[in-house]
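Fit the two chains together into the complex; they arrive one by one in their own frames, and the hints show the way.
Taken in order, these protein sequences are the chains called A and B.
Throughout the first sequence, residue numbering follows my numbering, covering 24 to 318 in sequence.
Throughout the second sequence, residue numbering follows my numbering, covering 3 to 291 in sequence.
Please note that a few of the clues may not be correct.
To be verified - Here are some chain B residues pointing at chain A (derived, C-beta under 7 angstroms):
(1) Gly13
(2) Asn44
(3) Thr72
(4) Leu100
(5) Thr130
(6) Gly146
(7) Ala150
(8) Gln162
(9) Gly165
(10) Gly176
(11) Thr198
(12) Glu206
(13) Leu207
(14) Leu211
Claimed, not checked - Residues from chain B that keep clear of chain A, each with C-beta distances beyond 10 angstroms, as calculated:
(15) Glu82
(16) Thr88
(17) Ala105
(18) Gly120
(19) Tyr259
(20) Val260
(21) Asp269
Hints were generated in silico from the structure; no laboratory data involved.
Ideal placement from N, C-alpha and C gives every residue a C-beta, glycine not left out.
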Amino acid sequence: MQIAIASGKGGVGKSTITASLLYLLKDEYRFVAVDADADAPNLDLLLGVERWEEERELIGAKVARINVESCIRCGICQERCPYDCIKVIDGDYVVSELTCEGCNVCGLVCPVPGTITLEEVRSGVVRKTMTRYGFPLISAQLDVGRPNSGKLVTEEKEWAKKLMGELGLEHMIVDSAAGIGCQVIASIGGADLTILVAEPTPASLSDVQRAYKVVQHFRQPAYLIINKADFNPGFTALRGWAEAEGIPILGEIPYDRAIPRSMSMLKPFVEAFPDSKAAEAMREIAERVREEILK
Amino acid sequence: MQIAVSGGKGGTGKSTVAINLAIALKEHYDLVLADLDVEAPNDHLLLGVELASEEPVELFMPRFDYGKCTRCRKCAEVCEEHAIITMRDGTPFLMPNLCSGCAACEIVCPVPGAILPGKKLMGHTYLTETPYGFPLVTGRLLEGEERAMPIVSRAKKRAQGLGKELLMVDTAAGTSNTVSKALEDSRLIIAVTEPTPLGIHDGELILKLAKLMNVPAMVVVNRSDLGDVGKVREIAEKYDAEVIAEIPYSENIIRSYVEGKPIVLTDYPEAGLFREIASRVVEFLGGGE
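Isolated chain B, as found in the complex (with noise of 0.2 angstroms):
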């Protein structure tokens, strides 16, 4: 099974709630942590890990053999992203930062051959394990490249490969299409948000998309003492979401992310909280050892 940690904004603080929560987790399931913010992974840098296990990412890219090239344009008429021109005689080039790979041009080619599977390196899977019990898959974009689907996927696809109990994912901010990709599947989202006026309204965007995507949703309140915790309520109420948590301002996390040392595993008060989260989380579940 699945669950995802996610919160509209970026930086509330869902990779700190996403590690410790592993942490605390770890004693109930078997689990893999896997860090779909492919744009700007940092769950490793938390768990004070270095990435391993590399495995690159490569899309499809056509290539012309222009022996073989009819100049019919099929291939570029099909491009839904517009990543083939022709010349006035119909050959085709290829504007490879606009290409997809998404081999829609090679399903229409008429003439075997002529384009060739060619390959183009988006970004990089890693597996790593960490000193507490449970392996890290991260999905890191190259710098340059546009899309981020492909990583998501891939990564997600080699967290799921392990065969583990559990399946928690740490998305990438916002609602776009890769953040529902890495919630797809889910059983229960755990939505991190501020109590501030940005993170309440962009806390209730992923709380919509939790409601779209039919995923119960959980919301834990970071930096709770900066805001108004009962508009984020009102907020999680209309979409039957709950306040499972509030996480106030805290230098000890500061001081604990800075030492490389998750809070979870001191003796600060804090850690208690996230205790907490994972005792809800287990609760909602069901199961564990």
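For reference, chain A alone in the conformation it holds in the complex (with noise of 0.2 angstroms):
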């Protein structure tokens, strides 16, 4: 079974409940999580991974160059680069190499033939470890201004199908990035059902509605976990929106210094703080995922 964790919002504990989550199943469920969340990878932190295994490449990003010596400087490139992407620098017409998303417009309108070529450059790294709580971690990290593109979400979930076939493993877990774009897409994408995370706050819930649209469209099931549940009391919209929407509420866990504080043990507050009161809130979630997800 594959199952996709997202939040629409960052911040709202996304991957720390990921963590406690893996951390209360393992023994039980063989399973690989993949950290999708290629901009800002916090899966590998919070299960204290001190270093990775294996490290592939992954080069697919692609950027436009311009040929200063061959150029006419007739600015046609300029013009119809569908998202100005090119700039004149001291009477250069240059590309901006962290902007490019490798449409090869330019290119193709260039009246000068071979002043503008498209090159591929590194977008990132897909990398694997296995964790000290026994199952493998695949993360992924894309370099700083390269599309975030789906394809290394895509990337990640290969090698992770691969893995389950090798080491026998009935379950996929994917910890989705922030927001409803490319990389979520791909998370979503192919998942068994998603688990929902929100706080109660107006941005959050305007925020997962919009990551729940996306579970729609894929007609998956969707499950919801409130975090820092007791924070906002008179806030009764989150759960208003569960409800009428039909979607499962598996749980809610209160605000908690036990988590920011395992956090910066690089522990899942679960493993930190077993007498927290979140800590107790997770078990009792994780019980349910047992009851009416993995049975």
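Next up, the structure:
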């Protein structure tokens, strides 16, 4: 089974909850964890990963380059670039490597053959390790300024599938990125179901509603975990929304200083502070995941 | 001129800093705030306003006139996104989800009119008046669409078009090229981070991007009592950035957030911290009224 964990909004505790859920499920189930937030991967930090066993460079991003020698400075490339990535610097037309999407429109419209070329560059790395908890983790790190394409996530999931075959694992648990773009679509697409994480604030509600639309697009069941459940007592709209949409709530985790403290210790909070109220809530959630999802 | 509020990790309080700083800077500049976190735009919620003046962001999407198409396959060959597939006889088909709207296919098509300019809705931009004396421009990607770049680009243009003295952009988390697009042309980046290992890790990446883009950066440490600020300072120093503020974890900030009243306008002591950040920014930029 493939489970995606998403939130729409960053910083609501998706990765800390994922790390603790993995910790609570590790003895009973055989799974591979995938950190699909290639832009800001954190699961390795939360699981205390110190080294990667294997790393693969991902070449695939493309950027355009303009040869100043043969450029006749007609400016057509700048005019036609769909993303405004071409600037004039000291009289020369220059492609901004940090914003180029590699579509090659500039190369196609350039009247001087060979002046604009599309070059392959590294978009990041995909990497694998065995965590100290006994399950493997696949992660990725996008290089700064590269398009955050879902390709990196797809690459991660391919590797995870291969590992499942090799090691006889039953499940893949994907911690997706914030937002609703490319990498989130690649995370949720292909999953059997998505667990949404949100906190009771208008911003989180707005973002999780958007993530849920992506889940609906893939016609998947969704579940909800409410984090920092008690820090905004007057706000009932999150719960109300889940009930109206028929999204089962797996549980609520209260705001608990044990969570940020466990982050500094680089451990899942259920391991670092097993007696905390957050850990207690998390164990109940894991129980429901066992009963209702993994069965 | 333009400044940016960014920060590697999500949920560090970027938007909280952006809206409070915008309110404080309004006393010094005629400004516009642009929310370029198009996958999860929230500044309007924090400012307590409803998005207004919606404009669609439509991208070019090829439509094939099969009566004119010669099945030469050039369109498919040139598509970097492999969004056009061809049948055995060369008949092209578009997979709309993969299309980036770059129009490369139309440029290479040798038969005029064989590729028609269809359109695909990717999202919207909004221009909303706020009760704080400055307008807010928001970009919002449509759910199910993958490409944030065109929305970021269009929202930024809309904000630039207002011709204000200061454009303040609030970026998405991370350091991908949509963040670079938002940061582009900034005179200053305010990187919001947390002193946790995660915040430090991601904070370093945004400072690295700022360096690559040649934009000076200042660091604001949010929830500064949740970790070791010394470590943030070390990283900041490595990238020639200065830590200009430390904001402790604050119930008051949460309360003001929940009440929809920006903290900088309250009597809570935290208001002073945001005014201090604003005065450092004014000092750096010079001028203002």
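Results for each hint:
no.	hint	in the structure
1	Gly13	holds, 1 angstroms
2	Asn44	holds, 4 angstroms
3	Thr72	violated, 18 angstroms
4	Leu100	violated, 10 angstroms
5	Thr130	violated, 15 angstroms
6	Gly146	holds, 5 angstroms
7	Ala150	holds, 5 angstroms
8	Gln162	violated, 11 angstroms
9	Gly165	violated, 18 angstroms
10	Gly176	holds, 3 angstroms
11	Thr198	holds, 5 angstroms
12	Glu206	violated, 10 angstroms
13	Leu207	holds, 6 angstroms
14	Leu211	holds, 4 angstroms
15	Glu82	violated, 5 angstroms
16	Thr88	holds, 18 angstroms
17	Ala105	violated, 7 angstroms
18	Gly120	holds, 15 angstroms
19	Tyr259	violated, 7 angstroms
20	Val260	violated, 5 angstroms
21	Asp269	holds, 21 angstroms
The earlier numbered hints that this structure contradicts are 3, 4, 5, 8, 9, 12, 15, 17, 19 and 20.
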